[in-house]
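S.K.: Residue numbers (the numbering used here), protein chains in the order written: chain A, 7 to 132; chain B, -19 to 229.
These are calculated hints, taken from the structure and not from any lab test. Any given hint might turn out to be false.
[Stated by the list, open to error] Taking CB as the label site, the calculated pair distances span:
{"#": "1", "chain 1": "B", "residue 1": "Asp18", "chain 2": "A", "residue 2": "Asp98", "range": "51 to 57 Å"}
{"#": "2", "chain 1": "A", "residue 1": "Leu65", "chain 2": "B", "residue 2": "Arg122", "range": "47 to 53 Å"}
{"#": "3", "chain 1": "B", "residue 1": "Pro118", "chain 2": "A", "residue 2": "Leu114", "range": "32 to 38 Å"}
{"#": "4", "chain 1": "A", "residue 1": "Ile93", "chain 2": "B", "residue 2": "Asp34", "range": "57 to 63 Å"}
{"#": "5", "chain 1": "A", "residue 1": "Arg106", "chain 2": "B", "residue 2": "Ala209", "range": "28 to 34 Å"}
{"#": "6", "chain 1": "B", "residue 1": "Asp18", "chain 2": "A", "residue 2": "Leu114", "range": "43 to 49 Å"}
{"#": "7", "chain 1": "B", "residue 1": "Ala209", "chain 2": "A", "residue 2": "Ala43", "range": "33 to 39 Å"}
{"#": "8", "chain 1": "A", "residue 1": "Glu116", "chain 2": "B", "residue 2": "Glu11", "range": "39 to 45 Å"}
{"#": "9", "chain 1": "B", "residue 1": "Val217", "chain 2": "A", "residue 2": "Trp54", "range": "39 to 45 Å"}
{"#": "10", "chain 1": "A", "residue 1": "Leu85", "chain 2": "B", "residue 2": "Pro118", "range": "28 to 34 Å"}
{"#": "11", "chain 1": "B", "residue 1": "Leu127", "chain 2": "A", "residue 2": "Arg36", "range": "50 to 56 Å"}
[Unchecked claim] Chain A is faced by these chain B residues, among others (derived, beta-carbon under 7 Å):
{"#": "12", "residue": "Leu48"}
{"#": "13", "residue": "Arg49"}
{"#": "14", "residue": "Ala62"}
{"#": "15", "residue": "Leu134"}
{"#": "16", "residue": "Leu188"}
The beta carbon of each residue, even a glycine, is placed where N, CA and C say it ideally should be.
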Amino acid sequence: MPVQLFAALASVVLLGIVIELIRTRRLRERYALLWLATAGAILFFAIWRSGLHNLSKALGVAYPPNALFVLAMLFVLVLLLHFSTVISKLTDRTTHLTQRLALLDERLRELEDKPTPRPKLHEVNR
Amino acid sequence: MVALPAADAHLDAPRCLAIVPAFNEAASIAEVVAELRDADPNLEVLVVDDGSTDATGSVAEAAGAKVLRLPLNLGIGGAVQAGYLYAFERGFDLAVQVDGDGQHDAKQLGRLIDPILGGRADLAIGTRFGGDITYRAPFARRVGIALFAALVSLRVRQRLTDTTSGFRAVNRRGIRVFAADYPHDYPEVESIVTAARGELQVCEVPVLMRARAAGRSSITTFRSFYYVAKVLLALFVGLFPREHLVIQD
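Bound conformation, chain B alone:
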């Protein structure tokens, strides 16, 4: 069990970081950053430029974001973990994870961080299902989402509906867990297992998501087989402890 760092003691003025992983999203990143800054002026926006070959980094900087420039493309998992390392080292109390492609609506942030601020959860996941929100995905994708949800629910002994959502919020404890250990590729599902292993309290929050503003999903038809197999293997591997970074306060 991880001891609560002192930073949690003053939740009256929590510092919140938005982690936005982006790979070649120059077309949509400025709007994403602007929206986040509009949604909450106290929110610091960190774009993790995952070795983009376009102007993603400079566009994000011009839009007023802090930018972490990864010299190599690590994939979403490595980029997000870099963001959590930044959040941990700079003493942030809260971190939200928002995709750089514009499918996550900044106006939903309040809903997402509410259970974190209220101390009801360490990790809040924005789900496309539940509440008054309906989401129609292609059949194959819905089957996959349902399968992952069922397996992860078994693993974490808690009913979850949308484990593939990358729209998340964590408190300081969650930042610590993810800074030390975050899965590599297609990390969304597996990171919930990581969270459970780090004894984080997980909850789901129904949110609205939009269609992608630009670019395309990282999951193509060919890759989806690899995706399913990889996640299933990761869930199995997730049953066992693994070596990770040692984080010191």
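Same shape as in the complex, but just chain A:
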């Protein structure tokens, strides 16, 4: 079945990319595990066809490959939701760090009695 072949190929490519990202330390382990699980699950059902048939029956999906995509979609939704919580947390942390930095900067300028501002972060980054 070409759709399943495509799904299997796609998940192999995804697995390859994830492993490359882990190898070069560009992906933290906890996210790497999530992605490995996602790609692994798709590959598992793309190869094991009777398993996919049973799954599609259980879900009430008439065309088995669609069950594969439903599964993949659910995984991706959970991942995205997880990322939203991570971004929210990072934003809170950035806020606290920025405030702390400004308070320390003010203290330092007061101690040094130098009114000249330091270059802003976004200027340094350029």
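Based on the hints, put chain B in the right spot on chain A.
M.R.: Frame of chain A, contents of chain B only:
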């Protein structure tokens, strides 16, 4: 319940900080600072430069204000909270919050801090409604203001008329609550819920407000939908406790 810090014990000589959040307000910030300093010489003025790309910070400093320079733009909520953190750490007894765009009249400060000094409230909000003051806003805005007022009044079990006003005064207890926990964007309405959760006594004071001196309101037509939805969600979320900074004396 938060124990009253020792600083409240000598209210005979209260130290008062004016927190002025400003983002690219170089055109009007000097006048705002000068007015505040004229209104009360004992008032310390802190401009929180919210990652401005213009000369807001140095202009404010030249005008005689202390300046907190946020290296990144956090939005009004993060900037104001930085001001409250400063007020808390430097032991201020009173803090007033004044917009950097000049729409809050420094001459109204006395009216605003009066209930705080008198111990009748922990948080005083300058309202554009009530008393002998009438305020004409565009229809949509008035509807929004009325809606928020009704919902917040229900939440805090107290009648409030102008929950979107950013002209406020708090005592040491209020400084503590806001330093630990202050909402992020469009924080005015939500912060009243924060105050209620922190068991602050809230009151409204009728004040005169002016049209903006320069710049423009952060609330545009497109954003107003987001604003309403965000505030409604925040009011709902405000029903539940949330994680915040731990503040130690």
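S.K.: So, for every hint listed, does it hold in this structure?
M.R.: Do the hints match the structure? See the list:
no.	hint	result
1	Asp18(B) with Asp98(A): 51 to 57 Å	violated, 38 Å
2	Leu65(A) with Arg122(B): 47 to 53 Å	holds, 51 Å
3	Pro118(B) with Leu114(A): 32 to 38 Å	violated, 45 Å
4	Ile93(A) with Asp34(B): 57 to 63 Å	violated, 29 Å
5	Arg106(A) with Ala209(B): 28 to 34 Å	holds, 31 Å
6	Asp18(B) with Leu114(A): 43 to 49 Å	violated, 30 Å
7	Ala209(B) with Ala43(A): 33 to 39 Å	holds, 34 Å
8	Glu116(A) with Glu11(B): 39 to 45 Å	violated, 25 Å
9	Val217(B) with Trp54(A): 39 to 45 Å	holds, 44 Å
10	Leu85(A) with Pro118(B): 28 to 34 Å	violated, 43 Å
11	Leu127(B) with Arg36(A): 50 to 56 Å	violated, 42 Å
12	Leu48	holds, 5 Å
13	Arg49	holds, 6 Å
14	Ala62	holds, 4 Å
15	Leu134	violated, 27 Å
16	Leu188	violated, 32 Å
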